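Engineer: Sequence:
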Amino acid sequence: MKYHLAQINIAQGKDAIESKTMKGFVDRLDEINTYADQADGFVWRLQSEEGDATSIQAFDDPNLLVNMSVWEDIESLKNFVYKTFHVELIQNRDAWFDKIVNVHQTLWWIPQGTIPTIIEAKEKLEYLQELG
1 MKYHLAQINI AQGKDAIESK TMKGFVDRLD EINTYADQAD GFVWRLQSEE GDATSIQAFD
61 DPNLLVNMSV WEDIESLKNF VYKTFHVELI QNRDAWFDKI VNVHQTLWWI PQGTIPTIIE
121 AKEKLEYLQE LG
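Once you know that position 15 of the sequence shown is 15 in my numbering, the rest is easy, because the numbers rise by one and skip nothing.
No lab work stands behind these hints, which were simulated from the structure alone. Because the structure is a prediction, the values reported are computed rather than measured. Hints may contain errors.
[As the list claims (entries may be wrong)] Simulated crosslink set (DSS-like; lysine-lysine; CA at most 30 angstroms straight-line): (1) K124 <-> K99; (2) K20 <-> K122; (3) K14 <-> K99; (4) K23 <-> K2; (5) K99 <-> K23; (6) K99 <-> K20; (7) K14 <-> K2; (8) K122 <-> K83; (9) K2 <-> K20; (10) K20 <-> K83; (11) K122 <-> K14; (12) K14 <-> K78; (13) K99 <-> K2.
[Said to hold, decoys possible] Pair by pair, the computed Cβ-Cβ distance ranges are: (14) W109 <-> K20: 37 to 47 angstroms; (15) Q112 <-> K78: 25 to 35 angstroms; (16) L107 <-> Q38: 37 to 47 angstroms; (17) K20 <-> Q112: 18 to 28 angstroms; (18) E123 <-> K99: 31 to 41 angstroms.
Each residue gets a CB set at the ideal place from its N, CA and C atoms; glycine is no exception.
Produce the entire structure from the sequences given, and follow the hints as far as they go.
Structural biologist: Structure below.
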């Protein structure tokens, strides 16, 4: 059986997604999502009908944003995150997001051809938080 790499990361927005505070981040979403969709090794990402995940409320806090995606392998994800202009978003994250003290990211292998659910991803975050 072949596997793909699923990932979830969450980010605590400093303000509502529609706010002026978040504008710089929101303005880059279409660009970064289009780039991700075309990246080598990209398989899938969580998105609403609008094409991003900002309107998907996975947690009680409406400012807690969720990002989920599936990649063919760890190298594909690493290349996208750290070797493209995505790194600019990481470098500027303090302008839009507050630090999260708990676990905010996890990766896990899934059978090729399957798509992770938000419930499954939240369980992975909780497991990592509780047991490391």
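Engineer: Hint by hint, say whether it matches the structure.
Structural biologist: Status of the hints after comparison with the structure:
no.: 1; hint: K124 <-> K99; result: holds (20 angstroms)
no.: 2; hint: K20 <-> K122; result: holds (29 angstroms)
no.: 3; hint: K14 <-> K99; result: holds (10 angstroms)
no.: 4; hint: K23 <-> K2; result: violated (40 angstroms)
no.: 5; hint: K99 <-> K23; result: holds (18 angstroms)
no.: 6; hint: K99 <-> K20; result: holds (19 angstroms)
no.: 7; hint: K14 <-> K2; result: violated (39 angstroms)
no.: 8; hint: K122 <-> K83; result: holds (27 angstroms)
no.: 9; hint: K2 <-> K20; result: violated (44 angstroms)
no.: 10; hint: K20 <-> K83; result: holds (28 angstroms)
no.: 11; hint: K122 <-> K14; result: holds (21 angstroms)
no.: 12; hint: K14 <-> K78; result: holds (26 angstroms)
no.: 13; hint: K99 <-> K2; result: violated (35 angstroms)
no.: 14; hint: W109 <-> K20: 37 to 47 angstroms; result: holds (40 angstroms)
no.: 15; hint: Q112 <-> K78: 25 to 35 angstroms; result: violated (19 angstroms)
no.: 16; hint: L107 <-> Q38: 37 to 47 angstroms; result: violated (21 angstroms)
no.: 17; hint: K20 <-> Q112: 18 to 28 angstroms; result: violated (42 angstroms)
no.: 18; hint: E123 <-> K99: 31 to 41 angstroms; result: violated (23 angstroms)
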